[in-house]
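Protein chains in written order, with our numbering: chain A, 1 to 545; chain B, 1 to 173.
Just so you know, the hints here were simulated from the structure itself, not pulled from any lab data. Careful: at least some of the hints might be erroneous.
Using 25 angstroms as the maximum straight-line C-alpha spacing, the simulated DSS-like pairs for lysine-lysine come out as follows [what the hints assert, rightly or not]:
1) A:K296 <-> B:K113
2) A:K114 <-> A:K85
3) A:K346 <-> A:K389
4) A:K296 <-> B:K84
5) B:K84 <-> B:K113
6) B:K86 <-> B:K113
7) A:K150 <-> A:K114
8) A:K303 <-> A:K315
9) B:K156 <-> A:K389
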Amino acid sequence: MRFYRAHVLVCAGTNCSLKGNRAVREALIREIEGKGLGEEVKVIETGCFGLCEQGPTIVIYPEGVLYCRATVEDVPELVDSHLLKGRRVERLLYREPTRPVAVQTVPELDYFKKQVRVVLRNCGIIDPDSIEEYIGQGGYTALAKALAMKPEEVIAQVKASGLRGRGGAGFPTGLKWEFGRKAPGGVKYVVCNADEGEPGTFKDRLILEGDPHAVLEAMAIAGWAIGANYGYIYIRGEYQLSIQRLERAIEQARRLGLLGQNIFNSGFNFDVEVRIGAGAYVCGEETALFESLEGKRGEPRIKPPYPTDVGLFGKPTVINNVETLANIPPIITRGAEWFRTLGTEKCPGTKVFTLTGDIVNEGLIEVPMGITLREVVYEIGGGIPNGHKFKMAQTGGTSGGCLPEALLDVPMDYDQLAAAGSALGSGALLIMDDTHCIVDVARCFARFFLHESCGQCIPCREGTLQLYHLVDGITRGTGTRQDLELIERLSRTMYVAPLCPLGQTAPLPIMTTLKYFKDEYLAHVDSRVCPTGTCRALATGHAAD
Amino acid sequence: MSQATCCKGSAHGTALDEAKLAALDAVIAKYRGSPGALISALHEAQEVVGYLPQEVQVRVAEGLGVPLSEVYGVVSFYALFSMKPKGRFKISLCKGTACYVRGAPHVLERLEKELGITAGDTTDDGMFSLDVVRCLGACGLGPVITINEDVHARLKPDRVPGVLEAYRRADRG
């Protein structure tokens with residue numbers, strides 16, 4: 001193995017790819033070769049650093065100097081100054097809004113100070129297309145260790161860790177595996193749910209782009225634990241880069257015997273196949289996903305029976321989210337007790353959040369469970385830009401609730417956000433400033449569910465339609481107080497009657513806006529005024545004026 | 001062989017020339033007999049033909065031995081399948097909440113005005129089609145549209161004419 005005096009890491013996550021990272025990388029390689037540094041400096045494409053707002057981002061090790069918004073034109077100066085003369089290029093260093101001096105290196109950044117990287121341990125550090133680099137970071141040792149344990153011991157370890165499903169429902173992963181293990185049957189499946197469709201969420205995409213082997217390793221461990229020899233990864237068709245990286249990773253793992261027959265001479269066989277979805281939000285629901293994997297319309301099944309008894313092709317199936325799986329290898333290698341040192345008692349570990357909307361640092365972050373919204377918005381996110389004020393945050397994607405400023409100090413884990421009337425969900429955090437009309441935003445939610453309802457059960461199909469018309473009417477100036485009552489009554493029915501979580505959560509975001517921003521709704525229905533001036537059919541200004 | 005006769009009724013005004021027909025039959029042959037392969041087969045069939053009109057659905061149904069009702073049910077269920085021909089440049093506008101609060105509705109309004117069509121349609125010259133799609137997962141860059149494989153991030157309504165013009169120029173060669 002060759003040693004280099006410097007490594008230049010170029011982010012190749014989707015968001016940076018859209019900003020021309022490839023051209024920058026190619027220019028770097030040309031320039032480095034041209035200066036005769038090819039033997040000393042290595043350029044690596046890596047997964048997302050998380051600072052998507054600042055892309056394309058480059059980190060130069062060993063110092064860990066972070067450069068932001070680098071263009072092809074900046075490359076000659078970067079190479080000449082930093083790599084040849086050892087002088088940092090000041091103008092490309094990251095500047096935090098709260099500090100006058102430029103941040104020099106990654107560890108200094110406020111953005112990273114509160115972050116703990118377990119799931120994203122390799123994102124932005126290794127070349128995701130290289131299984132050797134994954135192994136170099138300790139990859140596949142968890143699988144080796146698991147295969148030397150009894151399946152029951154693996155399950156006991158995952159149970160003891162307290163890991164809960166990161167797709168949104170928060171179901172204990174170890175318990176799910178135990179159900180899968182105990183289910184009778186010779187053929188069982190492991191399925192990875194990578195059909196990430198919750199608006200505002202792109203964590204699974206960036207995990208798969210940055211560290212595809214972590215998910216493959218975890219699926220093999222799950223297979224060993226429950227007694228399955230085959231796994232499917234069901235992924236959105238839009239995630240082309242993730243699909244390519246996964247396919248390449250599977251090939252590499254097969255070549256080294258880490259997938260396939262007789263893994264580590266244990267007699268255990270396991271292989272994985274990538275299946276591409278066809279575009280339906282409801283397929284993120286596990287039984288709808290099975291229907292789709294079987295080549296049918298993605299209509300959810302009635303539960304019970306649960307997937308661990310009757311799942312894919314009618315066989316016992318354990319289905320886990322991408323982020324859940326990415327937690328498994330460190331739990332096996334470092335132990336359940338270590339994992340429990342992170343996060344809260346009932347929700348140990350970390351959570352990956354995607355930070356979007358009206359916030360200075362949009363991007364991908366990983367923090368311990370139980371961190372408050374205030375810390376995320378102001379200390380990591382850098383606050384609200386353009387001199388506006390925080391109005392609300394929607395947690396958990398479109399199916400999650402909206403929290404006002406008064407609830408900024410709620411610790412974020414599954415139970416405490418649920419108690420606040422919202423949801424942790426998939427980890428999407430959409431921040432909105434005071435220029436947005438709450439009713440208009442609620443209308444956007446209602447429209448989404450109306451469109452994505454699969455139409456199978458009546459409470460959801462008709463309920464989402466009526467919800468939309470009621471909220472739409474308020475934005476058009478035809479709403480009344482009775483409509484507000486009707487929304488509440490309809491929502492109570494919809495919380496319980498629909499077949500699957502899509503319909504059951506559809507009213508949640510709307511009800512939280514009504515609960516926390518009732519005055520703004522009343523301005524619309526009583527005074528026919530939209531305080532922010534967003535609803536064109538209504539007058540602008542304050543209701544009290 | 002059943003496939004040679006299955007499309008007789010729709011052979012006129014067809015979306016299928018000889019080459020496409022052969023490619024489509026190869027796709028069908030590849031997936032025949034493997035359970036749960038309908039969606040994968042339809043993905044590839046759409047790649048070959050460009051969209052999934054009735055004659056293609058009939059051919060896939062008969063070729064795979066799946067009821068036509070099931071094929072139609074699947075095609076009409078999923079957003080990535082289309083029964084209408086798309087433009088040479090396929091524009092998709094993200095309707096996720098993050099893009100919405102960043103001004104996606106204004107971008108859509110401008111696109112519809114510039115193209116003279118509404119979402120879901122294709123321009124008469126077949127150059128552009130416009131669709132509103134679910135969250136593209138590029139929320140940090142909203143509002144986002146994609147045109148074929150290209151992604152246009154942080155789009156402002158004023159930039160729409162320039163973006164479209166670049167594709168018109170490319171099309172003229």
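Hints, one by one, checked against the model:
| no. | hint | verdict |
| --- | --- | --- |
| 1 | A:K296 <-> B:K113 | violated, 38 angstroms |
| 2 | A:K114 <-> A:K85 | violated, 33 angstroms |
| 3 | A:K346 <-> A:K389 | violated, 33 angstroms |
| 4 | A:K296 <-> B:K84 | holds, 21 angstroms |
| 5 | B:K84 <-> B:K113 | holds, 21 angstroms |
| 6 | B:K86 <-> B:K113 | holds, 19 angstroms |
| 7 | A:K150 <-> A:K114 | violated, 37 angstroms |
| 8 | A:K303 <-> A:K315 | holds, 15 angstroms |
| 9 | B:K156 <-> A:K389 | holds, 23 angstroms |
Of the hints listed earlier, those the structure fails to meet are numbers 1, 2, 3, 7, in rising order.
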